[in-house]
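Let the hints inform the model, and build the full structure from the sequences given.
Protein sequence lines correspond, in order, to chains A and B. According to this note's numbering, the first sequence is numbered sequentially starting from 1. According to this note's numbering, the second sequence is numbered sequentially starting from 1.
It should be emphasised that the hints constitute simulated quantities derived from the structure, not laboratory data. Among the hints, erroneous ones may be present.
The list treats identical chains as one, so a pair stands whether inside a single copy or across any two.
[Said to hold, decoys possible] In silico DSSO-like cross-links for lysine-lysine, where the CA-CA straight-line distance does not exceed 27 Å: (1) LYS307 x LYS45; (2) LYS321 x LYS11; (3) LYS277 x LYS221; (4) LYS11 x LYS262; (5) LYS106 x LYS225; (6) LYS12 x LYS221; (7) LYS295 x LYS321; (8) LYS41 x LYS106; (9) LYS321 x LYS225; (10) LYS262 x LYS45; (11) LYS251 x LYS137; (12) LYS221 x LYS307.
Protein chains: 2
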Amino acid sequence: MKLMDIFGTLKKDMDFIERQLYRSIEGDEELLNETSLHLLKAGGKRLRPIFVLLGGKFGTYDLNRLQYVAVPLELIHSASLVHDDVIDDAGTRRGKPTVKAKWDNKIAMYTGDYIYAKALMLATRLPDPEVHQILSKALVQMSIGEMEQIRDFFNTEQSVRHYLLRIRRKTALLIAISCQLGAVVAGASPQISSLLYRYGYNIGMAFQIRDDLLDLCGTEKSIGKPPGSDMRQGNITIPVIYTLEHRELRKPLLEAIDGIRKGDGADHSSEAINIIKSGPGIAQAEQLAEVFTAKAMAALDQLPESKARTHLKEIALFVNKRSY
Amino acid sequence: MKLMDIFGTLKKDMDFIERQLYRSIEGDEELLNETSLHLLKAGGKRLRPIFVLLGGKFGTYDLNRLQYVAVPLELIHSASLVHDDVIDDAGTRRGKPTVKAKWDNKIAMYTGDYIYAKALMLATRLPDPEVHQILSKALVQMSIGEMEQIRDFFNTEQSVRHYLLRIRRKTALLIAISCQLGAVVAGASPQISSLLYRYGYNIGMAFQIRDDLLDLCGTEKSIGKPPGSDMRQGNITIPVIYTLEHRELRKPLLEAIDGIRKGDGADHSSEAINIIKSGPGIAQAEQLAEVFTAKAMAALDQLPESKARTHLKEIALFVNKRSY
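Following this line, the structure appears as structure tokens:
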């Protein structure tokens with residue numbers, strides 16, 4: 001997943017953002033430096049900063065201003081991951097031990113709190129009230145999405161609509177505002193910012209659906225954590241929902257999920273995954289991801305033609321092809 | 001602790017703030033509403049909003065603007081309490097079960113995240129960048145303070161200075177900026193805002209020292225949670241530090257704390273508390289609280305005479321007399 005290879009033009013600016021990311025968590029308190037650094041070093045695609053910079057290309061591109069949303073957005077994403085790992089009881093992420101595994105849940109919780117706060121503090125370097133309104137609203141929605149996810153564990157009665165609302169909050173919104181804020185900070189027109197938002201929102205939806213597919217069909221090597229972890233924690237994703245709609249597969253899948261919930265020691269999650277793979281759920285989910293990708297492309301088509309627009313198109317294709 | 005009885009003048013405005021507090025957490029997601037409501041209903045003195053309103057009296061008092069810092073500051077305080085309870089493994093707070101006890105740690109974590117985000121979102125109703133800078137800086141410091149507290153559990157080698165730095169971040173800063181932001185939002189002069197900050201900072205320090213004393217010397221009825229909980233979790237507070245400086249008490253106290261840490265089932269925390277009460281540590285801590293109260297009073301004396309100033313004086317006396 002070497003997204004950066006796609007476009008050399010951004011390389012220098014992304015290196016700057018990377019340095020600023022590290023600088024942002026330097027020097028406050030030893031343990032927090034260590035845990036935060038551990039988190040940043042684990043890598044990640046830095047997708048949100050890339051979206052910010054590309055969004056900025058649709059207005060007056062000023063890296064010095066853009067950094068104050070690019071860095072915060074990546075920090076917010078990282079903070080949400082640390083808190084997520086506490087919930088998921090995750091031992092590894094991106095192939096490395098999680099903060100909660102290397103230290104503990106409490107330290108992971110405060111590391112997240114610290115990184116959230118740092119992100120917001122950095123963003124206040126920009127005086128534009130609109131930026132702060134967009135950011136804080138997204139944070140509220142994200143936390144609602146996280147809570148919905150916990151509440152919906154093992155809820156086999158949820159609809160596709162319900163799932164979409166949840167991943168909208170959990171994932172798509174932050175990607176949407178990354179594209180939007182780049183444009184807003186660069187002083188692009190409201191029409192352009194809103195098209196970029198629409199692009200980001202749809203790419204974010206496609207991205208999360210692909211992520212959910214990867215968790216079922218990926219290998220530990222390709223996804224950096226053991227596959228099937230959604231299944232094991234009762235996180236009912238779209239391929240599961242589609243499979244449950246299937247008359248013959250519904251009953252055995254419900255039984256497997258119930259087995260996971262009861263935790264009798266047997267490997268019910270492999271059982272569930274095999275049932276899902278035997279039916280049309282995977283292909284249906286792939287199709288849904290493609291619908292969102294197409295919507296993202298449609299939003300792009302309304303933007304003025306430019307190198308940045310081409311890059312956004314490449315990212316959309318990349319997201320839609322994440323391999324497993 | 002009926003602070004509100006002290007001054008009828010603020011009653012109507014504080015009722016408005018109370019309603020806005022409840023409104024702020026309405027309607028998003030069922031479980032979050034429930035957990036957040038539970039937290040707000042558990043009460044509390046609403047000290048931070050009172051400070052905001054009193055701070056606002058030193059400029060152009062506008063409740064409609066002041067609410068957007070008064071409500072966020074109380075929300076931030078509440079969010080920090082939910083996360084605190086996760087760390088402390090606290091079963092009760094203010095006489096009621098904590099969110100983590102009634103639900104679980106994960107739900108408490110996301111309830112905190114949600115309330116933090118809501119607080120920041122509300123504050124963005126004010127366009128003043130200074131407000132957001134002050135708020136987010138304080139959030140960073142608070143999270144550092146929380147991490148320091150975890151790191152320092154059972155650290156019997158810490159100095160008075162170290163303790164003071166920690167409670168500064170953990171408690172005093174948020175109270176300081178409550179007073180300051182009231183004045184800033186009301187457009188008071190920088191000199192007045194900074195005197196109010198100084199008052200709030202010193203009152204906050206006195207308040208935390210009194211709180212630490214209450215945990216050792218209070219009753220379950222007077223403090224709303226079982227006394228000695230700091231001791232049991234290894235939170236080394238100022239009366240402990242003073243007692244450890246005492247030649248004859250150091251060794252038995254170290255042994256009792258070591259016993260708590262090892263958790264052999266014996267009641268080493270009562271033992272530790274008895275040792276502390278037998279020495280001069282309690283009285284020394286009381287004296288230190290009085291030093292901070294006096295500093296707060298000195299800051300007040302430089303403010304123009306007014307009803308608000310009298311109220312701030314009354315609060316300082318109230319804090320300094322919290323009974324146990």
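Here is what the structure says about each hint:
In the homo-oligomer, the alpha carbons of LYS307 and LYS45 lie at most 27 Å apart inside one protomer (20 Å), although the nearest pairing across protomers, at 57 Å, exceeds that limit. Taking the closest pair of Cα atoms, LYS321 and LYS11 come within 27 Å of each other only inside a single copy of the chain (22 Å); across copies the shortest separation is 61 Å, beyond that limit. Taking CA atoms no more than 27 Å apart as the test, LYS277 paired with LYS221 passes inside one copy only; the shortest distance there is 20 Å, against 59 Å between copies. Taking the closest pair of Cα atoms, LYS11 and LYS262 never come within 27 Å of each other, the shortest separation being 49 Å inside a single copy and 53 Å across copies.
When the C-alpha separation of LYS106 and LYS225 is checked against a cutoff of 27 Å, the pair qualifies both within a copy, at 22 Å, and between copies, at 21 Å. For the homomeric pair LYS12 and LYS221, neither the shortest alpha-carbon distance inside one copy (29 Å) nor that between copies (62 Å) is at most 27 Å. Taking identical chains as interchangeable, the C-alpha atoms of LYS295 and LYS321 lie at most 27 Å apart only when both belong to the same chain, with a minimum of 16 Å there against 64 Å between chains. Proximity of LYS41 to LYS106 under the C-alpha cut-off of 27 Å is found in both arrangements, the shortest distances being 20 Å within a copy and 25 Å between copies.
Taking identical chains as interchangeable, the C-alpha atoms of LYS321 and LYS225 lie at most 27 Å apart only when both belong to the same chain, with a minimum of 19 Å there against 55 Å between chains. In the homo-oligomer, the alpha carbons of LYS262 and LYS45 never lie at most 27 Å apart, since the shortest distance is 36 Å inside one protomer and 44 Å across protomers. Taking the shortest Cα distances, LYS251 and LYS137 never come within 27 Å of each other, neither inside one copy (40 Å) nor across copies (53 Å). For a Cα distance limit of 27 Å, the shortest separation of LYS221 from LYS307 qualifies neither inside one copy, at 33 Å, nor across copies, at 68 Å.
Checked against the numbered hints above, the structure breaks hints 4, 6, 10, 11, 12 and satisfies the rest.
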